[in-house]
Amino acid sequence: MIALTKTLKYVCIGRITLRNQLAYVVDFLVRSLFLLLILYIFLQLWQTTFAGEGAASIAGYSFRQLMWYLIVTESMTLACPSLCTRLEEEVKSGDVAFKLVRPVNFIAFHYVEYMSEVAVRFCVNVILGGMLGLLVLGPPDDMTGFLWLPLTALGGFTLNFMLNMVVALSAFWVEETRGLEFVYNKFLFTVGGMLMPIELFPESLQRIVRWLPLQGIVYTPAKTAVAFEAVRLAGMLMAQAGWIVIFACVALLVYRRGVKKLNVNGG
Amino acid sequence: MESIRVTELGKTFRLKRKREGLAGSVRSLLRPDYVEKAAVEGVTFTVRQGEKLAFVGPNGAGKSTTIKMLTGILHPTSGHAEVLGLNPWKERMKLAHCIGSVFGQKSQLWYHLPPSDTFELMSRIYELRRSDYVQRRDELIERFDIGPHLHTAVRKLSLGERMRCEIAASLLHRPQVIFLDEPTIGLDVVVKQRIRELVNELNREEGTTLFLTSHDAGDVERLCDRAIVINGGRMIFDDRVELMKRRFLTHKTVQLVLHEEPGSLQMPGVQEQARDGVKLTLSVDMGVTSIEAVLSQIMAAYLLVDVTVEDPPMEEIITQMYRTGVHEQEEGVG
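The listed protein sequences correspond, in order, to chains A and B.
In this text, residue positions in the first sequence follow our numbering: the first is 1, and each later residue adds one.
In this text, residue positions in the second sequence follow our numbering: the first is 1, and each later residue adds one.
Among the hints, a few may not be true.
Under 7 Å between C-beta atoms, here's a sample of chain B residues computed to sit facing chain A [unchecked claim]:
1) F13
2) T71
3) M93
4) H97
5) S101
6) W110
7) L113
8) R124
9) I125
Calculated from the structure, these hints are not laboratory results.
Virtual Cβ for every residue (Gly too), placed ideally from N, Cα, C.
Assemble the whole structure, with the sequences as input and the hints as a guide.
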């Protein structure tokens, strides 16, 4: 009964954030136009690359698979709000006090808030990106992997939240966290597999990247969707879950230390 | 029974000192220089259940830091505090169920959504039973007269309407202690009065302990029985508001707009503070004369267009306290 009440609390926070986010749908739609521009540029780039290689596939990916891979990774990346900006502003304005003075878990509150926002943005991006994909590329060859997308994307967004939370919590000490976030995002764009699948990296880099948590964010969902391999799925999901647990613990530890150091501004 | 017990509470912040000029900035980057600033020092007091306490002082005096420590948001550097028998910073989640807080300069209501949605969220956050929540919500809607605004997006509410909703939202879980940080800031006289009446009613009927900070001497005078004055992180006064008024709230400011430019005003207990054509600002010593007597005398000689009577700001009262040496007399307060 107690567990149910506590769960309901976070479900309600998620629902109200979702409703609040709906006020920004037009804003998201306008932003998502940027997604179309990026995808158009990638389309041109990879068309030229495939033409130059003269091959039907590169590292096991056909042109159509690669483009659908990018639709997934870009839709996910552009759906993620900046947690660092949010926490930094909360600390600077003193609004963090409101979260701390209520009987809610600080990290869980931010998680449901983040995921609700992600849900709205991701839906908008997937609809726009999907429409573009269907119009320009046609449907993916195999839809099996796309059935796993809700689950793998949930894991990817959760892992991204945990990693971002660790970075954002440094706001409790330094107040300025955008620099760290900038570096983190650049790693995600490159070695995280956002710009291209990890299989396209040089062998030595692939070996390093496989040990990094970043692959669980956009690579796992996009790879599973467009180049589904049933034998690898369980391993990829377990790696994703493992990294989520590890970084949830790290975020909790950082939070516990940070909250003691916190200097709430304002008032 | 005590609601709050504070013993030798202190909070020191470590601040980075910025040096002047570009070279100074580079030096600060390489070899940062820190200074320690005591925001609160050795504060000791207790608050009885149902008591209405004003915790006042000028900007940067340590009021908000103390409130933040008592609500568990900040960890103190030294000392001890108990709110409803709980250590705020160690048992923050448990304490959060029993206390309420209103920060006048911040909003807890969701901007794009109607207050009813925030109420619903609060009921879940505080894990209220549905029947209890519905009963309490309806009671607060009636008491705060917010029925017509409940389903309007917060961004479309006036400040006064929003503030009534803010306070009602903070009371849904029937807190035993409520921390009000500048609850009437920016509100007009009528709304201020209404908020004060509502808070007084709440204290009377539910025995809620009030812990108020405000720069408005009117809030202190009309809401609280006892006042603690803090300045530079230290307590300089702790006694009944009545005594504080008698000793330090001796002047009122009267602003007049007359039909014609007045000549020199010579009245006992009245001091001219500013003059700008037909506008006149007077300081009236209530121990010598009354507002009524001053106004009658002016109206007998001039045609009055507008008049406002204000309490002096808290800063002025504290200056007055220092002028009369209260900080020396009250060194051992608490």
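Here is what the structure says about each hint:
no. : hint : result
1   : F13  : holds (6 Å)
2   : T71  : holds (5 Å)
3   : M93  : holds (5 Å)
4   : H97  : holds (5 Å)
5   : S101 : holds (5 Å)
6   : W110 : holds (5 Å)
7   : L113 : holds (6 Å)
8   : R124 : holds (4 Å)
9   : I125 : holds (5 Å)
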